[in-house]
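Starting from two chains that each stand alone, build the complex the way the hints lay out.
Chains as they are written, first to last, in this note's numbering: chain A, 5 to 309; chain B, 904 to 1145.
What the hints contain is simulated information worked out from the structure, not anything from laboratory work.
Given the structure is predicted, the values throughout are model-derived calculations rather than measurements.
Don't take each hint at face value.
Pair by pair, the computed Cβ-Cβ distance ranges are [as the list claims (entries may be wrong)]:
1) Ala299(A) <-> Pro1002(B): 52 to 60 Å
2) Leu142(A) <-> Val1139(B): 45 to 53 Å
3) Pro158(A) <-> Gly951(B): 27 to 35 Å
4) Trp169(A) <-> Phe925(B): 52 to 60 Å
5) Ala1125(B) <-> Glu145(A): 53 to 61 Å
6) Pro149(A) <-> Arg1020(B): 45 to 53 Å
7) Arg209(A) <-> Pro1002(B): 14 to 22 Å
8) Val1139(B) <-> Glu145(A): 44 to 52 Å
9) Ser60(A) <-> Pro1002(B): 30 to 38 Å
10) Gly109(A) <-> Leu964(B): 54 to 62 Å
11) Leu50(A) <-> Ala1125(B): 29 to 37 Å
12) Gln917(B) <-> Pro301(A): 44 to 52 Å
13) Glu937(B) <-> Gln152(A): 46 to 54 Å
14) Ala1125(B) <-> Ala299(A): 55 to 63 Å
Quick reminder that beta carbons are idealized off the backbone N, C-alpha and C, glycines included.
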Amino acid sequence: MTLERATAPPAPADGPATDGPATGATGATGADGPGADAGLRPPARLGSRPRRPAVSPAVRAAVPALLVAAWWYGSGSGRLPPDVLAGPGAVFGALRELVSTGQLGDYLLASARRTALGVLAGAGLGLALGIAAGLSALGEELIDPVLQMKRAVPFLALVPLLISWFGVGETFKVVLIAVAALAPMYAYTYLGVRSVDRKVVEAARGFGLRGPRLALAVIVPSALPSILMALRISLSVSLTGLIAAEQIGATEGIGYLVTLAQQYYRNDYMVLCILIYALLGLVIDLVIRGVERLAMPWRGQVSAR
Amino acid sequence: MSGTGAAGGEVAVQITGLRKAFGPKTVLDGVDLEIRRGEFFALLGPSGTGKTTLLRILAGLERPDAGTVLAARRRTTVYQEPRLVQARRVLANVTLGLPRSSRGAGRRALAEVGLERHERAWPATLSGGEAQRAALARALVRDPQVLLLDEPFAALDALTRLQMQDLVGELCARHRPAVVLVTHDVDEALRLADRVAVLRDGVFAADRVIDLPRPRDRDDPATARYRRSFLSHLGVAAAAPH
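If we strip away everything but chain B, and leave its shape as in the complex, we get (with noise of 0.2 Å):
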């Protein structure tokens, strides 16, 4: 799979403009952002800088103070938990809303993450990868033109997280849906992204397209480059270069 994701789909999120206020504390000002279907779009930034809320906005949790945001109609969202309901088996968390004719889709969005041996396990017996492969099948089952992705990892073990990071890729690569994710990890935007953001002080420091072939090496030269650049955008002092 190359990284030339944004070719060819049509726009998925379209903002302009879009200004929102805390009180006193602007945390987005003036952000302009165009994503097409199929382009893996990674927004980073330090704490409190916004890019949570500018993913809220699109998820309709926020309203956005000033500005435009259009997107398409089919958005879901995975959190950093898997807001799980507890009290309903994995499958019908999966199906959450939809018709009863939608398990057999369930099922099959549950077997696309594996685990299709879990669909009638309590979400309690589950460990924190698996519930969060069960909160990626129930964005999946609902078939989204934009998936928006809230620091999905930061909540895993250094292992599942990589697992995790790759099943992401592949499922994006196949459904192509527009995808937001939002990170403070440089690497797991690196590692996935076809475009990457940094969000600071309300807009974007840097808006690049990741020009590097699939899949990515964590060791290249080329990366260690976008790594740096980022990190500095992030006011993180580059690391010494090997």
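Looking at chain A on its own, in the form it has when it is part of the complex (with noise of 0.2 Å):
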């Protein structure tokens, strides 16, 4: 039965029976286990901790979740006066009236479409300038200054001038958005594709990629990251030209709605406006988180986190 005493070797008679770590120093101490005189112990983790899975949601909406229940129980006991902030209650008064007039309905529709034109004509043309001057030292050259310029100069302090061109009705809303839309999506896809490996860059070049190709078969997928968080800013942006536009010279749409509800003191319809906005970023964010998924399933081996 050699198998047996193999994997059950008779325990050393003398050794004292501890269970610390075994080191080299075995009977060179005393009784206090071998290790300890000698100032050994078990290394310090530094790793980072493995998390149950449902603890990150959780915390995530804890924060939220408490906000809201403040804003309730404020509301609710008479602390917060509906003068300062709506309850919860007349918020979603304000919303069951505009839901059951179609107007929110419809106003949701007037500013995705105006926010669609313009993020559509601002980033578009934001990704193939960034991209063009992110390939060539020419490009750079000739587009990089005017956007630096353009950057510096807020977009809001444009209003003026584009109403004294286009007037206020749609075009001007449009191009409002995508001159909002056009300077975040120039300025992260131009760094997104400066950030592509050269190196890479350099043995395509030698298989004999050149201009459009190399820019669609290996810049463009590179540097899709970047873009898609160009993509993100730039449609946060846009709201912000979205509010401005739709505060001038507008009938319908999100902004409009703040210029009533301040018009007519409704802080109801003010909170709910907030809400819509909120509502939307979060929208854009999961939107786009979806695209990341699909557009970039190798991300999924490489992320570091």
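Structure (structure tokens):
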């Protein structure tokens, strides 16, 4: 039965019965365990601890939930006067009113249309210019100075000029949103293209790729994380542009609702508009995350966390 | 496969009087070189001697200051890093810049390097050796007349390096391009090359045909003699003979 003996060797009769770590110094020290006298300890744990998967979403939701609860309690108990902040009930009432008249749907649709058109034009142009400037020295020299200057000008400062050119109609609104969306899209796309591994680009050039083919096959896929981040920032800036555009000469849209609320001191409408903007921001974020998953499947294996 | 690679092949690389300087430092000072199809040429030299510069000039990535550099049109390079596009799958990396109709050829090239089951993998999921094999497939699928290897084994672990060296030797014997291997590893050069040159002070301090049977035995006395000779040209004190 040699096998059995091999798996269960006889314990040394004279060794102290410690469950401490095996050290090379067995028997060198006294009865306190082999490592204690030499100052040996198990290594301190420096790596990150594993977390239960349910913890993160719960913690994430906790603070917003707490804020809503405080709002609810504050307005319910009368400590938060309705002219400072309308209560959840009043805001919900305003929502029901707007939904039942069909105004909310119309307004959201109008705003969505303006934003979509503006972002399509502005971010599309920003993307093309960012890629061109990132790819070629000539492109950078031609495009970058102008866009850096444009970036230094807050787009809201262009409102009077744009009104004098386009009036206060739809064209003005779409152009303002496009102008707002252009700068961040350009800046982050340019950065993303510039940070594509130059060695990979060099190798691709060695295989005969140039210009648009190089951009499509190598540069844009590699810069996609930055391009999607650019789109995310571009979209949130375009929301600001949307408010500004819809506060002038509009008869529908979320920004128009803000103006109405201000004119009639309807605190419930004001709060509702803020909530709608917050929700829109969240939706944009979720959509981009979804696009990131779909468009960048290789990142699942690469990301650091 | 005997080591008579140079015989018969047409000239694929012809360099005369090549000079290249970076600022005050002249790295190539009148280099002459002729390589034929099927010939495996290894270029040794300490770091910073300009061996990679010579390779980059052949690849068209650097311009010579003086001299004539002629090379066959189809040249491909394998670098020290795989240089794969992380955002594209392995097969798309292999056929990068080629028409869609070359996907079959891409698959065959992947099979040749033993990666046929990884064609849909993302580069980040490959090991270092696998990524380098994908880079090799990407070079081979273009049917190169000149294959430029810029220390392609330097970043691999010792075991993978030996396997890759054998694979490269095998593939080059089959496809018979003119090969320029830049390396600082004398044993690697002696394992693979038909001809080894040492670049020192801008010129070839040695340029010798390696007349050894294949597969090469590292411990053969003849190999050891070559090794000592090249090491002394590289300025490394030759190890005492066993």
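Against the structure, the hints:
1. Taken as a hint, the range 52 to 60 Å is violated for the pair Ala299(A) and Pro1002(B), whose Cβ atoms sit roughly 24 Å apart.
2. The supplied range of 45 to 53 Å is met by Leu142(A) and Val1139(B), whose beta-carbon atoms lie about 47 Å from each other.
3. Between Pro158(A) and Gly951(B) the beta carbons are some 51 Å apart, a value that contradicts the proposed interval 27 to 35 Å.
4. Checked against the hint of 52 to 60 Å, the pair Trp169(A) and Phe925(B) passes, with Cβ atoms roughly 53 Å apart.
5. Ala1125(B) and Glu145(A) have their C-beta atoms about 59 Å apart, which keeps the hinted 53 to 61 Å range intact.
6. As the Cβ distance of Pro149(A) to Arg1020(B) is approximately 51 Å, the hint placing it in 45 to 53 Å holds.
7. For the pair Arg209(A) and Pro1002(B), the supplied restraint of 14 to 22 Å holds, since their beta-carbon distance comes to about 18 Å.
8. Between Val1139(B) and Glu145(A) the Cβ separation comes to about 48 Å, which falls inside the hinted range of 44 to 52 Å.
9. Between Ser60(A) and Pro1002(B) the beta carbons are some 46 Å apart, a value that contradicts the proposed interval 30 to 38 Å.
10. A hinted range of 54 to 62 Å for the beta carbons of Gly109(A) and Leu964(B) is consistent with their spacing of about 59 Å.
11. Judged by the Cβ atoms, the range 29 to 37 Å given for Leu50(A) and Ala1125(B) is violated: they are separated by roughly 53 Å.
12. Checked against the given bound of 44 to 52 Å, the beta carbons of Gln917(B) and Pro301(A), roughly 46 Å apart, stay inside it.
13. Roughly 52 Å separates the CB atoms of Glu937(B) and Gln152(A), a value that falls within the hinted 46 to 54 Å.
14. Evaluation of the 55 to 63 Å hint for Ala1125(B) and Ala299(A) yields a pass: the beta carbon distance comes to about 57 Å.
Hint compliance for this structure: hints 1, 3, 9 and 11 are not met, and every other hint is.
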